[in-house]
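A.B. asks: One letter stands for each residue in the lines below.
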Amino acid sequence: MNSTRRPSGQPKLAELALAFMVLSLSGFGGVGAQARYHLVTLRGWLTDREFADAFGLSQILPGANIANVCVMVGDRFAGPVGAVVCLAALCLPSLVIAVGLMLGAIELTAAVPRFAAVEAAITAATVGLILANGLRVAAVVWTRARGAYAPLLRIARLSISLATLVLIVVFRLSLPLAIVTMLALSVLLERRVRA
Amino acid sequence: MTLPDPATLAQLVWRCVYFSLVSFGAGFAITIPQIHAQFVNELHWLTDQQFTEIVAVAQAAPGPNFQMIPLIGWRAGGPVGAIVALTSFAAAPALLAILVGRAVRNATENRVVVLVQRALRSVSAGLWFASGVGLGRAVDHRPVQLIISAAVALLSTFFDVNPLWWLLGAGIAGALFVS
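Residue numbers (numbering that gives the first Met the number 0), protein chains in the order written: chain A, 0 to 194; chain B, 0 to 178.
Hints in this document: simulated from the structure, not taken from any laboratory. Please note that a few of the clues may not be correct.
[Claimed, not checked] For each label pair, taking beta carbons as the anchor points, the in silico distance ranges come out as: (1) B/P5 with A/T142: 51 to 57 Å; (2) A/S173 with B/D47: 22 to 28 Å; (3) A/A138 with B/R101: 23 to 29 Å; (4) B/P78 with A/Y148: 21 to 27 Å.
[Claimed, not checked] Derived list of chain B stretches under chain A, where covered just means 3 residues or more per stretch with a C-beta under 8 Å from a C-beta of chain A: (5) 55 to 64; (6) 93 to 100; (7) 143 to 150.
For every residue, glycine included, the Cβ atom is placed at its ideal position computed from N, Cα and C.
For reference, chain A alone in the conformation it holds in the complex (with noise of 0.2 Å):
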């Protein structure tokens, strides 16, 4: 289940575009849930590590982190103007849809009693594909996990995972706090490993 493709190339910057153009679109509650593979298995251009650390990063910065991944990947390929490229395709497009319905103030859970129900039903699946993107970075750590003391890593570095779920979840601690406790915690642990 890990992709373990080289990276096919530089994207041009019209390619870049596009496939964040039609990422968005086709997000449905959420974009960041099928960033992975349009990247990754689709267009080739991040390998599975490469897209975990660079969501990874956008995660632990202000900002949507689609909009982070977005920027980083454009600025990456075809520099500060390939990252306001990206953004502005990422984001315009869809805009102008989510403009059309707010002024036609299309009342669609009125006009057809079932969409509702079919609205609830495609977040569900999204909250699922971010569950499954979890899944896939969890996979990354847990093959990279090597040496006599393995297991013992692994059981640590998903303690660190469920830890992070528990404190914002169960105990509702605010966001940069609960980052900066398990980052601090997760890199003396990572540190242990090295030494």
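Based on the hints, put chain B in the right spot on chain A.
C.D. replies: Here is chain B on its own, set in the frame of chain A:
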């Protein structure tokens, strides 16, 4: 098309810059009450109903979930307001992402950077999970939705097909199993 007055635009700019810096991806849903408090209760740019409508539209339309920010901008100052809101919301994090992204890419030999990046992966997996649970909590989570979420989580991990198929399947299931 009349241009929005400079005072409104200035307000819009700094509020959007503020929200861009306090919202972390997984936590955007957490900032929605704050956004409501400022734009509806404090500035009165939108009615409660308009705000609810914008949240619903941002959810129903394709695209990133932060597009409610330019939609609010549109209500405050038309097309110019929308573009100003989007630019203000995107600019600071984008600049930071470019700088940090470059620094990390150029430091593959730096032991500290490599260490932190490795440490970040375990945390990142947890953040993905938290983000999924957070979105699940924000909407209906009756048995049908829970089953869909669990099924898509497992199936899409092993079958790496276009995620639109999962959304389509879920949509059909939602339409069929509605009570």
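A.B. asks: All hints, please: hold or fail.
C.D. replies: Here's how the hints hold up against the structure:
1. B/P5 with A/T142: 51 to 57 Å: About 56 Å separates the Cβ atoms of B/P5 and A/T142, which means 51 to 57 Å holds.
2. A/S173 with B/D47: 22 to 28 Å: Holds: the Cβ-Cβ distance is about 26 Å, inside 22 to 28 Å.
3. A/A138 with B/R101: 23 to 29 Å: 28 Å, holds
4. B/P78 with A/Y148: 21 to 27 Å: Once the Cβ atoms are compared, 59 Å apart, the range 21 to 27 Å for A/Y148 and B/P78 is violated.
5. 55 to 64: Since three or more residues must qualify, the claim that chain A covers the stretch 55 to 64 of chain B holds, with 10 doing so at under 8 Å.
6. 93 to 100: With 6 residues close enough to chain A, the hint holds.
7. 143 to 150: Satisfied; 7 residues make the cut.
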